[in-house]
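Given the coordinates of chain P, work out where chains Y, D and X should sit on it, guided by the hints.
Chains as they are written, first to last, in my numbering: chain P, 237 to 393; chain Y, 6 to 291; chain D, 237 to 317; chain X, 539 to 1295.
No lab work stands behind these hints, which were simulated from the structure alone.
The reader is advised that the hints may include incorrect statements.
[Stated by the list, open to error] With a straight-line cut-off of 20 Å between C-alpha atoms, the simulated DMTMM-like cross-links for lysine to aspartate or glutamate are:
#, chain 1, residue 1, chain 2, residue 2
1, Y, K262, X, D1207
2, X, K850, X, D933
3, Y, K163, Y, D16
4, D, K253, X, E702
5, X, K1206, Y, D260
6, X, K665, Y, E47
7, Y, K42, X, D1217
8, Y, K250, X, E1158
9, D, K253, X, E698
10, D, K300, X, D542
11, Y, K250, X, D1156
12, Y, K42, X, D656
13, P, K354, Y, E83
14, Y, K99, P, E362
15, Y, K262, X, D679
16, X, K665, Y, D49
17, D, K253, X, D720
18, X, K1108, X, D1094
19, Y, K99, P, E361
20, D, K255, D, E304
21, D, K301, X, D542
22, X, K703, D, D254
23, Y, K250, X, E1287
24, Y, K144, Y, E165
Nothing here was measured: the structure is a model prediction, and the numbers come from that model.
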Amino acid sequence: MAGVAVSTTINGDHVEYLCQPDETLLEVLRDRLGLTGAKEGCGTGDCGACSVIVDDRLVCSCLVLGAEAEGRQVETIEGMAHGEKLHPLQQKFLEHAALQCGICTPGFLIAAKDLLAKNPDPTEEEIRFGLAGNLCRCTGYDKIVRAVQDAAGVMRG
Amino acid sequence: MRYIRPLTIEDAVGQLVGASGTAAILAGGSDLLVRMKGGFVEPDLIIDIKAIDALSEIRETAEGFSIGAAVPCAVLGENKALRQAWPGVVEAAKLIGSKQVQGRCTIVGNLCNASPAADSVPAMVAAGAKAVVAGPSGKRTIAVESVPTAPGRTSLAKGEIIEAILLDKREPRAGDAYLRFIPRTEMDIAVVSAGVNLTLDEAGVVKTARVALGAAAPTVLLVEEAAEVLVGSRLDEATLERLAKVCAGACRPIDDKRGTIEFRRKVAGVLAGRAATTAYERAGGK
Amino acid sequence: MVAVTLWGSLAAVAGGKDKLDIEAKDIRELFRKLAEQYPGFEPFIDRGIAVAIDGTIYRDTWSKKLPEGAEIFLLPRLAGG
Amino acid sequence: MNFDPRLTNRDFTSVGTRPIRPDGIDKVTGRARYGADFNMAGQLVGRVLRSPHAHAVIRKIDTSKAEALPGVKAVITAADLPDLTNGDSALYDILDNCMARKKALYDGHAVAAVAAIDARTARQALKLIEIDYEVLPHVTDVDEAFKHTAPLINEAIFTEGLEEKPVKPSNVHKRTQYGHGDIHKGFAEADFVIERSFRTEQTHQGYIEPHACVASVSADGTAELWVCTQGHFVYRQHCAQLLGMEASKLRVTSSEIGGGFGGKTHVWAEPVALALSRKAGRPVKLVMTRDEVFRASGPTSATSIDVRIGAKKDGTITAAEATLRYSCGPYAGMWAEVGAMTAFACYKLDNVRTVGFEVLVNRPKTAAYRAPSAPMAAFAVESTIDELAGKVGMDAVDFRIKNAAQEGTRASYGPVYGPIGIGPTLEAVKNHPHMKAPLKQNQGRGMACGFWFNFGGQTCVDLNIGMDGSISLAVGTVDVGGSRASLSLVAAEELGIDYSQVKAIVADTSSLGYNDMTDGSRGTFSSSMATISAARNAIRILRERAAQMWDIPVDDVVWEKGHALARGEKYGNLSPLSLKEIAAQSGTTGGPIAGHSELVADGAGVSFATHICDIEVDPETGSTRVLRYTVVQDAGKAVHPTYVEGQYQGGAAQGIGWALNEEYIYGKDGRLQNAGFLDYRIPVCSDLPMIDTQILEIPNPNHPYGVRGVGETSIVPPLAAIANAVSNAVGVRMTHIPMSPPRILAALEASASAHDA
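Same shape as in the complex, but just chain P (with noise of 0.2 Å):
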C-alpha cells in the first residue's frame, strides 16, 4: 500500500500528511494529527459525530478519504472558537444545557454552524431537519434545538 501525501488547510493551518489510501478523513484528524474533537459515533455517516466543514460542505469526516482533503479548507471543532472567546453557539449550549454526555456536541456545533451560515433565521422544523443527521441519545434534542435558536438570535445581532 503506498502512502499519500497531502497538503491541506485545518483550521485556517497549513497542514501536511501522508496517510493511507483507504484511510479516512477523521482516521486522519484523529490518529496522525491529534485533532480528536471529531469523534466516531459509527463509521458510517449515521450518527454526525465525526461532523466537520469541507470547502463549506458539511460533511461526515469517516466517509471522506484522508487523501481527498488534498487542496481543501478543513474546519473543525478545534477552530471553531477564537481562542479564548468561544463561539455564540459553543456559550449558547453551554447556557441551555445542550449537552450531557458531550460525545454528540462537537458534530452538533459543526453542524449548527453550518446550518445557519445558511439560513440565520431558521425556523424550528428547519433547525430539527438540518440536525437530523446528528445523533443525541441523552437530551432528547429539545435544549439543543432552544440553543441554536438562541445563538442564532445573537448571531443575527
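Okay, now just chains Y, D and X, sitting in the frame of chain P:
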C-alpha cells in the same frame, strides 16, 4: 491499494481498463466508504473522479439538463432552474442521507450502487432520465432503468463510467413528484417509494405518464400499467384507487428488516397516489 | 423482635416460610441469625440482599438498627441503568 | 462516621440554581477526552474476532497464521484468560462473555483477539485465525426459548424457584413471585376484568460513544486502564479478579463517558485489552465498532407479558396479576424479577401477584438499560389499566388517581411506602393544560405512570481546600450527565461559598476509596450525600483553625455563609473569618484543610413519573408522529434543575424511540440484521417535538436536602403512554412494541377485516 485522481474522463476510463484487481470509482463515497468500512469491498485502486472538471457541473442545454457524475445532491437542490423543471428528481436526490451526506452523495453513485431502495432512481426513471456512459470504445447514452440489473449489479461493462445524467427540457404543463416511506422523518432507507411524472393537455387531462416504484422489486419498477391508468384521467378518486391497486399488484417485494411484503404492497399504492396528486398539481392540474 | 418477610427464592431456602419473627438489633445480626438457622442463606447474602425497614430500602448499611416491631422485607439486590 | 443523613429544612442559596457545568468548556471545544481519545507511547491496536454463529461449539482455534503475520504482537483466546473465578458463577459468566470458552452463545460472541501495530494489520490477522465450529440449533425468541422443545443453551440450568425441583434442564433459569392478598378472591369481586398479552422487542441503550479503552500492563505486574465506564471501581474489581491481579495494582481512570444508560456497567473489552497488553508487553487500545456494540454489548430484554386486572363498577381495582417472561441472553439474570417487582408499584392493591421467568436465549447478555425491566412491565400494565378505565367508564387519569399508591400503601413488591410522588404527579397531569388541548382527526392522547426504585450505595468524596480558598472536589461516581455541576453546587451550598470556587473532578481508582457505579440513579443522590458529609467534616476543621487564629475555644466558633463567626458578646470585636482567610493561614495552623467522607448512601427514595403524549397516525401507512410530550416527575429536590429537566427529556426520548421504532431484528440464521444506526432507528432531531417538563419536589426524608435519583424513571412511562395514545388515535389496542408502521398498519387492517366480517 492506490488512490488516484485523474483529470480527464479518458484517463479515468484508461485507468479503469488497465486496473489489475478491483477498481472502485469514488465520487461522493457515501456508499463506497461504508462498504470498505464493513469489509465488503477492498479495492486495489480507488479512482477519484472529482478532479475531472466537466463531471462537477450541471449544464443547461437546448435539450435539457446534463448533471455531472460528481455533482453532490446538495448542489442539485441549489440549482433553481433544475428545481423548477424537475422538482420530483431534485426532492428525491435531496432525500438521500443527512445534510452531511448531501454534501457528498451523487445521483450517479445512487444509481450505480444498484440498491432497489435508492431514492433518486425511481424519480429519474419516472422522469425518463438517461445516463451518458463513457467507456473504452467511446460514449453511449442509455435509459436509467437499464443500469441496475439486480441488487448491487449494473449493466456497465469493465472500464465504463457514467459521466452524466440527462434530463429532458420540460414541456409546458408537466410535473413530477417523488415520495418514499420511512419510519423516521430522516436518515432511513426507503421502505418503499414512488416516482410519478405527468404531462397534461390544455384541459388538464393527463397526456403522458410514467410511474416508477422503488424497494418494490429487485430493481426499480417502471409500471406501465399504472401509467395507462393515469393517461386520459384528471386524477379523480376512482383513478387514484385503480392506480393504488395496480401499483400494489405490480410489486414483487420481500420481507426484511425494513418492512413486510404486505406493508410494501399497500404503501406503494398509497405513495403512488399521493405522488401522482402532487405531480398533477405541479403540472397545473386542479 | 422484628417481623421479617422473605421474597420467593429466599422463602424456598427457609423451608417455604415467607414470614419469620427474629430477635435482631441490626441488619448484621439479622443476617447472622438467618444464616445460622438456614445455611442456604449464605450465597444470597454474598450475592446481595436489600433490606426494607418500614418501607425504606437499605442495601449496604449492615449497622442499621431494626426498631422494635419494625416490618422488615428482604429483597434481592437489583441492577440499575 | 457521625453523619446524619436525615432531611432538614433549609433555604437554599446554590442548590436549585442553574450555573454552567465545570466540564462544559472542554466539551464544546472538543478538548474533553473520551474513551477513544487517549493514547500511550508504543500503543498497539486491539481487535476482537467474533462468532458468526448464534450457537456453536468451538472445536478448535488455530492462531498460528495470525501470529506469524508481521506486525502482530499478540493473539489471545480463552486459554489466555484462565478461569480464576473459583466457583463464582456470576463472575464466570462475565469471563465467558468476554471470551467464549467452550461454546459461542450468540452472534458476535468474542472468540479470539489480536494486538497489532496498526488497525489494518489487526484486521488482516483476524482473517487468518481459523476456527472449527460445530454449529448447534439456536433460539433467539423469548417465547420459543420458553418452550421445553427449544434448543438448550446451557445444560446445567435447572429452573430455580419451582415448588418441585425439575428433573430436566431448560432455558428458564428462574421463577420468581411477588405480591400479597388473594387474587382469586379479588377477581371474584371484580365487575370488569381485562386480560391481555403483550410483547416488547429487545432494544439497546444506543449511547453514541462505542466502548473504548487503553490497557497497559507492566512487567512488574502493575497495570493502568483508561476506559469509558459508568463505574471504574467496579471495572477494576472485575478486571483484577479475572486477570488474577491485586486490585490496588490496577489503576483505572474513567474517561469522559459518551453515554451509558446502564450499558457501561459491565466489562467486555477491558479484560481482553489487559490480557492482550500482558501478552504483548505493550499498551493496547481497544475500541469497539458500532456493529460490535450492537452485536456484543448488553442490550435490554425482549419480553412477553400477560396481564390481568379486575375492578369494581366504582373503579376500585380488586385484583391484579402479571406473568412476565424476559430474555437474559445466554446467561442467568434477574430481569423478569425486576419487572415483577415494578409492574404494579404505582397502585394500591389488596390482591396482587406477579410471576417472573428468566429466559435464556442466543442473544447478547442482557445488561441494565435505564430503570431496567420496568418500562416493559409498565407498558403491559398501563395499557391494561387504560383499557380497564374505559370499561369501567372512568377517565384514565381519575381511574389512576383513585387507585394510586400513597404513603402507607403496601407496595406490590412488599414494603410499605413512605412519602411518595405518584399521587402528586397524577394531580399535576390532571390539571396540566396539555390534557385539555384539542385534538384533530387521527390524533390520540395517551398518558401513563412509571416507577423506579433508585439506589444509593458505597460512596467516597475528598474535598480539599487550597491555600487560596478554592475547593477541589474529588468524587468517585462517573459523571454521565452533569453531576459534577450538581455536586459543586452542593459543596458550595454546604460551605456557604460561591459555586465558582469549587472544581469537581472524577478521581481515578488509586486516588479515592471504592465507589459503586453510577447506576440506579445514584450519582447525584449518593455523591451529594458524601459531599455534604465531607463538607461538614471540613467545616469542623475550619472552625478549629479559626478558633486557633482567634485563640478562643472551638465551641464558640460557628460556621455561617462561608465564614467562621465567634459566637458571644465577648468576641464583639472579632470580625468574621472567611474560608479564604482561614485557608491562607492553614500552613501555620496545622497544615492542609480537607474534608473526607466514606459512606453508604442508603435510603434512596423511590421515584414516580406520569407522562402525557399526543400522537398522530397516518391510517394509510401506519406512520406516527409525536405531536406533543409532557413529563411530570418527582425529583425530591432538584439540585441543578436544568440537568434534571435534561434527564426527564432524555429518558422520554429514549422511550419514544423504543415505543415506535427501535428493535433488535434477528434472522432465521440467528444473526442480528440491523447492527447499525441506519436500521436500528433511534429518534433523530426531526422526529421529536419539544419535551415539556414539570419538576415536582416531594423531599426524600433520607437525604439532607431531600434529593431523590432522577435519571431513570423518565424512561418507564413512555412505552405505555405512546401505546395508549396510538390506541386512542386508531381505536385498536396496540400490544406489540415497537409500534412500527408495519405493525400499526397490520393491526388496523386486522381490525377493519374483523369489523367487515
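Now the hints, each set against the structure:
1. Y:K262 to X:D1207: At roughly 14 Å apart (the allowed maximum being 20 Å), X:D1207 and Y:K262 satisfy the hint.
2. X:K850 to X:D933: Judged against 20 Å, a Cα distance of about 15 Å means the pair holds.
3. Y:K163 to Y:D16: holds, 15 Å
4. D:K253 to X:E702: Within the cut-off at roughly 16 Å; holds.
5. X:K1206 to Y:D260: holds, 12 Å
6. X:K665 to Y:E47: holds, 14 Å
7. Y:K42 to X:D1217: It holds: about 17 Å lies between the C-alpha atoms, which stays within 20 Å.
8. Y:K250 to X:E1158: holds, 14 Å
9. D:K253 to X:E698: Holds, because 17 Å separates the two Cα atoms, which is no more than 20 Å.
10. D:K300 to X:D542: holds, 13 Å
11. Y:K250 to X:D1156: holds, 19 Å
12. Y:K42 to X:D656: holds, 15 Å
13. P:K354 to Y:E83: holds, 11 Å
14. Y:K99 to P:E362: Holds, because 14 Å separates the two Cα atoms, which is no more than 20 Å.
15. Y:K262 to X:D679: Roughly 16 Å between the alpha carbons, so the hint for Y:K262 and X:D679 holds.
16. X:K665 to Y:D49: holds, 18 Å
17. D:K253 to X:D720: holds, 17 Å
18. X:K1108 to X:D1094: holds, 10 Å
19. Y:K99 to P:E361: Holds - the C-alpha atoms of P:E361 and Y:K99 are around 16 Å apart, at most 20 Å.
20. D:K255 to D:E304: holds, 16 Å
21. D:K301 to X:D542: With Cα atoms ~14 Å apart, D:K301 and X:D542 stay inside 20 Å; holds.
22. X:K703 to D:D254: holds, 19 Å
23. Y:K250 to X:E1287: Between Y:K250 and X:E1287 the Cα gap is close to 16 Å, so the pair holds against 20 Å.
24. Y:K144 to Y:E165: holds, 9 Å
Checked against the numbered hints listed earlier, the structure breaks none of them; every hint is satisfied.
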